[in-house]
Amino acid sequence: MRRLNLYALTFRLPIIIWQALFFIGPLLFVIAMSFFVVKNFRMVETFEFDSWSKMISRDFVWSAYRYTLVMAGSAAALASLLAFPAAWFLAFRCSAQARQLAILLLIIPFFTSYLVRTFSWYTILAESGVLNGGFALLGLGPFTMLNTPFGTLVGYLTFVLPLVLILQTVTMANIDDRLIQAARNLGCSSARTIRSVILPAGKTGFIIAALFAFILSFGDFVAPFYLGGSNPPTMPILIIDTTKAGQQWPRAAVVAVMMMLTLFTIAFAAIMFAYRKRASR
Amino acid sequence: MTIFLRAYLVLIFGFVFLPIIVSMLFSFNSDRFPTLPMSGFTLEWYQTIFADPDFWRSAKNSLIVAGSTCIIATFLGFCTAYTDYRYSFRGKSLFLAIILLPPTIPLIIIALAMLAWFSRVGMSGQIVSIIAAHTVLTAPFAMAIIRLRLSQIDESLEAAAWNLGASEWRAMQEVILPFCKPAILSSLFLTAAVSFDEFTVAWFVSGLNKTLPVHVLEIVQGTIDPQVNAIGTLVFGISITLVVISQLLIFFRLQRAAS
Numbered sequence: 001m002r003r004l005n006l007y008a009l010t011f012r013l014p015i016i017i018w019q020a021l022f023f024i025g026p027l028l029f030v031i032a033m034s035f036f037v038v039k040n041f042r043m044v045e046t047f048e049f050d051s052w053s054k055m056i057s058r059d060f061v062w063s064a065y066r067y068t069l070v071m072a073g074s075a076a077a078l079a080s081l082l083a084f085p086a087a088w089f090l091a092f093r094c095s096a097q098a099r100q101l102a103i104l105l106l107i108i109p110f111f112t113s114y115l116v117r118t119f120s121w122y123t124i125l126a127e128s129g130v131l132n133g134g135f136a137l138l139g140l141g142p143f144t145m146l147n148t149p150f151g152t153l154v155g156y157l158t159f160v161l162p163l164v165l166i167l168q169t170v171t172m173a174n175i176d177d178r179l180i181q182a183a184r185n186l187g188c189s190s191a192r193t194i195r196s197v198i199l200p201a202g203k204t205g206f207i208i209a210a211l212f213a214f215i216l217s218f219g220d221f222v223a224p225f226y227l228g229g230s231n232p233p234t235m236p237i238l239i240i241d242t243t244k245a246g247q248q249w250p251r252a253a254v255v256a257v258m259m260m261l262t263l264f265t266i267a268f269a270a271i272m273f274a275y276r277k278r279a280s281r
Numbered sequence: 001m002t003i004f005l006r007a008y009l010v011l012i013f014g015f016v017f018l019p020i021i022v023s024m025l026f027s028f029n030s031d032r033f034p035t036l037p038m039s040g041f042t043l044e045w046y047q048t049i050f051a052d053p054d055f056w057r058s059a060k061n062s063l064i065v066a067g068s069t070c071i072i073a074t075f076l077g078f079c080t081a082y083t084d085y086r087y088s089f090r091g092k093s094l095f096l097a098i099i100l101l102p103p104t105i106p107l108i109i110i111a112l113a114m115l116a117w118f119s120r121v122g123m124s125g126q127i128v129s130i131i132a133a134h135t136v137l138t139a140p141f142a143m144a145i146i147r148l149r150l151s152q153i154d155e156s157l158e159a160a161a162w163n164l165g166a167s168e169w170r171a172m173q174e175v176i177l178p179f180c181k182p183a184i185l186s187s188l189f190l191t192a193a194v195s196f197d198e199f200t201v202a203w204f205v206s207g208l209n210k211t212l213p214v215h216v217l218e219i220v221q222g223t224i225d226p227q228v229n230a231i232g233t234l235v236f237g238i239s240i241t242l243v244v245i246s247q248l249l250i251f252f253r254l255q256r257a258a259s
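Chains as they are written, first to last, in this note's numbering: chain W, 1 to 281; chain E, 1 to 259.
Simulated from the structure, these hints should not be mistaken for laboratory data. Fair warning: there could be bad hints in the mix.
Sample of chain W residues facing chain E (criterion: CB under 10 Å; computed from the structure) [claimed, not checked]:
| # | residue |
| --- | --- |
| 1 | 18 |
| 2 | 130 |
| 3 | 196 |
Beta-carbon label-pair distances, calculated as ranges [said to hold, decoys possible]:
| # | chain 1 | residue 1 | chain 2 | residue 2 | range |
| --- | --- | --- | --- | --- | --- |
| 4 | W | 136 | E | 248 | 49 to 55 Å |
| 5 | E | 123 | W | 179 | 24 to 30 Å |
| 6 | W | 104 | E | 64 | 44 to 50 Å |
| 7 | E | 93 | W | 56 | 30 to 36 Å |
| 8 | W | 136 | E | 100 | 48 to 54 Å |
Beta carbons are placed, not taken as given, at the ideal position from N, Cα and C, and that holds for glycine.
Build out the structure end to end from the sequences listed, making use of the hints.
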């Protein structure tokens, strides 16, 4: 280890100070804030379980919590399933150049406004929108797609599908080719190769991809708000409502802490599972 | 089988790109409510936004925020990447964790935390607050890009400079910085693009100084307004230009290194 001098500190201190001021500070403050109380429209800094007991005893908080968990879980599962055949094709049936081009294309959506894309889905899915216009030409519909869980899922998938597809493709492209060849030589069908070789070998990548999809959907307010019609609301929408309309910041902080605890638990479990060595048989 | 999979791949890409394409197409569509078949071509929505002082004000704010964010985030990212590259010390994983953690925390939580924190320390509703929040969100990307570049450097280069009598500062200036230049430029463009699109934290923190995406958010909350498509198409043009420049910088650098 080298001696700590001015030079080393110059590169180490700025980020520590910056993150303490603008990341760790706010994060700890939001935890502390969940124990504050609001009196006469003013927040009083104290340590009481007022907001916690109010929020935890309410049914709508728990139904929002369950709904958010189920929707984010469905988005992660759907994105993983939908992406898999495409990722498999890109990883094993395409040239390296085609794969690179596909990944480059999939990065583009991250640089278009997610808001504008959601708005676009709104006009596509609406009762008199683009999709129903197309169905009408075939003599079908109109179908109600907005303000339903389906609308929310479409929004989540717009957000997470490109990411999951990229991660799965990279994961599978990095699996040792010899393993797959060996499976072939031993007479495995494609399906058997996927089940016995690709899934176990790429386990970590698949789980991390699904975890990202879950985290992003769990925290997103745009899709459930605009495409799901806030009906029922999700946890992020509860945060917005209690902050923006109700001025009840401590209660919003309770929701935020509940979300953080959930995410940490799930992320921890997923990562433990992803990196666990398989028991040898 | 292959044909099915190819069709499926097209379908998936169709799903990903449909909203982008629809938004671009309908930004030129004369009907207020977008439906099929499309009606005539118009530039009305672009004229509307260009005539709107709110658009220009928020666009200016966005440029200020993205411009400042990219410089600070890249500086912080560089410092972190260099520290990680050169030093090992106790608590290094904690050090790296507090920098790399922000993207894993939902933006809505960061937004609430920033709002509360900034109003506590008397910094609420200012452009500086958005910049501070955005640097925290984008510094990890800067760090990742620059760290990747540093992993390609020959470690003996810096040591050689020291042996030739250069101070650490001089070696930084003459060896490390020039080597990292393409990654630094790339990081500047990428972090600017991310900041330019971010709306959750900006919405909570901005107060009256709204940025362009917050302006869009407010329009979307009102009615169906094809202005959004026009703004979206413009912003997409700007973001994608930034990203393409950033990618080209890396690409040409690699080409030159290869030849």
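### Query
Tell me, which hint numbers fail for this structure?
As far as the earlier hints go, 3, 4, 5, 6 are violated by this structure, in ascending order.
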